[in-house]
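Number of protein chains: 2
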Amino acid sequence: MEKNQVPDIVVARLPLYLQTLKTLENEGAYNTSSKDLGQKLGISAAQIRKDLSHFGEFGKQGTGYSIKYLTECLEEILHVNKTWDMALIGVGFLGHAIVNFQGFYNQGFRIKCVFDSDPNKIGQIVAGFEIMDIKNLEATIKENRIKVAMITVHAENAQEVTEKLINAGVKSILNYAPIVLKVPTGIQVQYINPIIELQHMTYYLE
Amino acid sequence: MEKNQVPDIVVARLPLYLQTLKTLENEGAYNTSSKDLGQKLGISAAQIRKDLSHFGEFGKQGTGYSIKYLTECLEEILHVNKTWDMALIGVGFLGHAIVNFQGFYNQGFRIKCVFDSDPNKIGQIVAGFEIMDIKNLEATIKENRIKVAMITVHAENAQEVTEKLINAGVKSILNYAPIVLKVPTGIQVQYINPIIELQHMTYYLE
Numbered sequence: 001m002e003k004n005q006v007p008d009i010v011v012a013r014l015p016l017y018l019q020t021l022k023t024l025e026n027e028g029a030y031n032t033s034s035k036d037l038g039q040k041l042g043i044s045a046a047q048i049r050k051d052l053s054h055f056g057e058f059g060k061q062g063t064g065y066s067i068k069y070l071t072e073c074l075e076e077i078l079h080v081n082k083t084w085d086m087a088l089i090g091v092g093f094l095g096h097a098i099v100n101f102q103g104f105y106n107q108g109f110r111i112k113c114v115f116d117s118d119p120n121k122i123g124q125i126v127a128g129f130e131i132m133d134i135k136n137l138e139a140t141i142k143e144n145r146i147k148v149a150m151i152t153v154h155a156e157n158a159q160e161v162t163e164k165l166i167n168a169g170v171k172s173i174l175n176y177a178p179i180v181l182k183v184p185t186g187i188q189v190q191y192i193n194p195i196i197e198l199q200h201m202t203y204y205l206e
Numbered sequence: 001m002e003k004n005q006v007p008d009i010v011v012a013r014l015p016l017y018l019q020t021l022k023t024l025e026n027e028g029a030y031n032t033s034s035k036d037l038g039q040k041l042g043i044s045a046a047q048i049r050k051d052l053s054h055f056g057e058f059g060k061q062g063t064g065y066s067i068k069y070l071t072e073c074l075e076e077i078l079h080v081n082k083t084w085d086m087a088l089i090g091v092g093f094l095g096h097a098i099v100n101f102q103g104f105y106n107q108g109f110r111i112k113c114v115f116d117s118d119p120n121k122i123g124q125i126v127a128g129f130e131i132m133d134i135k136n137l138e139a140t141i142k143e144n145r146i147k148v149a150m151i152t153v154h155a156e157n158a159q160e161v162t163e164k165l166i167n168a169g170v171k172s173i174l175n176y177a178p179i180v181l182k183v184p185t186g187i188q189v190q191y192i193n194p195i196i197e198l199q200h201m202t203y204y205l206e
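Residue numbers (my numbering), protein chains in the order written: chain A, 1 to 206; chain B, 1 to 206.
Incorrect hints may have been included.
The list makes no distinction among identical chains, and a pair is therefore deemed to hold if it is satisfied within one copy or across any two copies.
[Said to hold, decoys possible] In silico DSS-like pairs for lysine-lysine, Cα to Cα no more than 30 Å straight-line: (1) 68 to 182; (2) 164 to 60; (3) 35 to 121; (4) 164 to 35; (5) 68 to 142; (6) 171 to 22; (7) 171 to 60; (8) 135 to 35; (9) 164 to 68; (10) 68 to 135; (11) 35 to 112; (12) 50 to 112.
Please keep in mind that the hints were generated in silico from the structure rather than gathered at the bench. This one's a predicted model, so the numbers in the text were calculated from it and none came from an experiment.
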């Protein structure tokens, strides 16, 4: 089945299924069902079955899914059965938090290099990483063939950093700066913005 | 029109429209169009018109939208024409980053109180906030009638904190802990999880 046949909204749910499977595995479970997964995620069992059917057949009627097998399949589909090196740009409070985040391990990602433009920060060590001069961004990313980056710079610098990253070969950008990035076709951007999530919820509040 | 008639996926896009309008306003623009907004967000103009039509008529064919007027309408719809006090629980690296985040201002939110369980942190001042003992969580939240909270504790403590927050009257939770929270009907939870966003993007990478 061709990639472009799967709606992006379906792709967006696969990491949620994978996360839930890993939680179940950590809790000692071996098998699960669409109903089980759905209850944990607030998604209908039918939706989960339909989503997974885009990629093949993973379970058996009556017995459900092997957690180990479905985990491996989803990791393969999402290309996280390997580890992606990442660059982080901007070592403010948020950058510090991310560099110290232990959650990338075993999820397909690891931070490889960390950049800032502040002369007072360059050369400092944070969580084992030497903060590199942003002037060396493009050369370092090319050299290490890094395809994934996280942007935690101020909004006014985010577009410039984005263009440097793309020039250096980065294909996927997780943007924490509160600005919509302009990128050419073929470059993925996802946003982390607490305001968007908070405003989504206050809609439902009186 | 009743609230429950608007699909949640439509509600989820409204904060994106509001953010984009604010960016346009900051750039000095007075008017915009569905096409303009759509291009900035990677959403079709038709989708934007359809989304907004759930709530009324905000623009005129040919002249588009007044940015000021549509901003005010969206702020009212999302209930961010007022300022919501928030509690933050967990002052690790990420909690520090959020307490220092300047972006809540003028978006409908402000941090009101900050909690941790670590005796070494309690009483310390972070970005002007005294870190309070988590033992006082429920009393303080009730007293201040706080309805919105952000959780930045470790995954293993997040469910317990959630239950305390709900007991104290919190209705909307932004959860940064990498765990799916169990909450009763009527409580909103949104998740901030970089892994989910990263895995969504690597699907498209070779």
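| 30 Å Cα threshold - placement of residue 22 relative to residue 171 | Classified as both; 27 Å inside a copy, 28 Å across copies.
| message | Checking an output row: residue 164 and residue 60, CA cutoff 30 Å. Within, between, both or neither? | response | Neither, since 48 Å and 40 Å both go past 30 Å.
| How would you classify residue 68 and residue 182 at a CA-CA limit of 30 Å: within, between, both, or neither? | So residue 68 and residue 182 pass the 30 Å test across copies only (24 Å; inside, 39 Å).
| Within a copy, between copies, both or neither: where do residue 135 and residue 35 come within 30 Å Cα-Cα? | Neither, since 51 Å and 37 Å both go past 30 Å.
| request: Using 30 Å as the alpha carbon limit, work out where residue 68 and residue 142 are close: within a copy, between copies, both or neither. | output: Neither, since 35 Å and 44 Å both go past 30 Å.
| Between the shortest in-copy and the shortest cross-copy C-alpha distance, which are at most 30 Å for residue 50 and residue 112: within, between, both, or neither? | Intra 37 Å, inter 43 Å, cutoff 30 Å: neither.
| Same-copy or cross-copy closeness of residue 35 to residue 112 [CA-CA at most 30 Å] | neither (39 Å within a copy, 39 Å between copies)
| Given a CA cutoff of 30 Å, do residue 68 and residue 135 count as a within-copy pair, a between-copy pair, both, or neither? | For residue 68 and residue 135, neither the intra-copy (44 Å) nor the inter-copy (40 Å) Cα distance is at most 30 Å.
| field | Intra- versus inter-copy proximity for residue 35 and residue 164 (alpha-carbon distance at most 30 Å) | value | between (45 Å within a copy, 28 Å between copies)
| task | Tell me, please, which holds for residue 164 and residue 68 at an alpha-carbon limit of 30 Å: within, between, both or neither? | result | The answer is neither: 40 Å in one copy and 34 Å across copies each exceed 30 Å.
| said: I want to check one pair: residue 171 and residue 60. Are their C-alpha atoms no more than 30 Å apart within a copy, between two copies, both, or neither? | reply: Classified as neither: same-chain Cα gap 37 Å, cross-chain 39 Å, threshold 30 Å.
| said: At most 30 Å between CA atoms: does that hold for residue 35 and residue 121 within a copy, between copies, both, or neither? | reply: neither (50 Å within a copy, 42 Å between copies)
Figure legend: structure checked against the earlier numbered hints; hints not met, in rising order: 2, 3, 5, 7, 8, 9, 10, 11 and 12.
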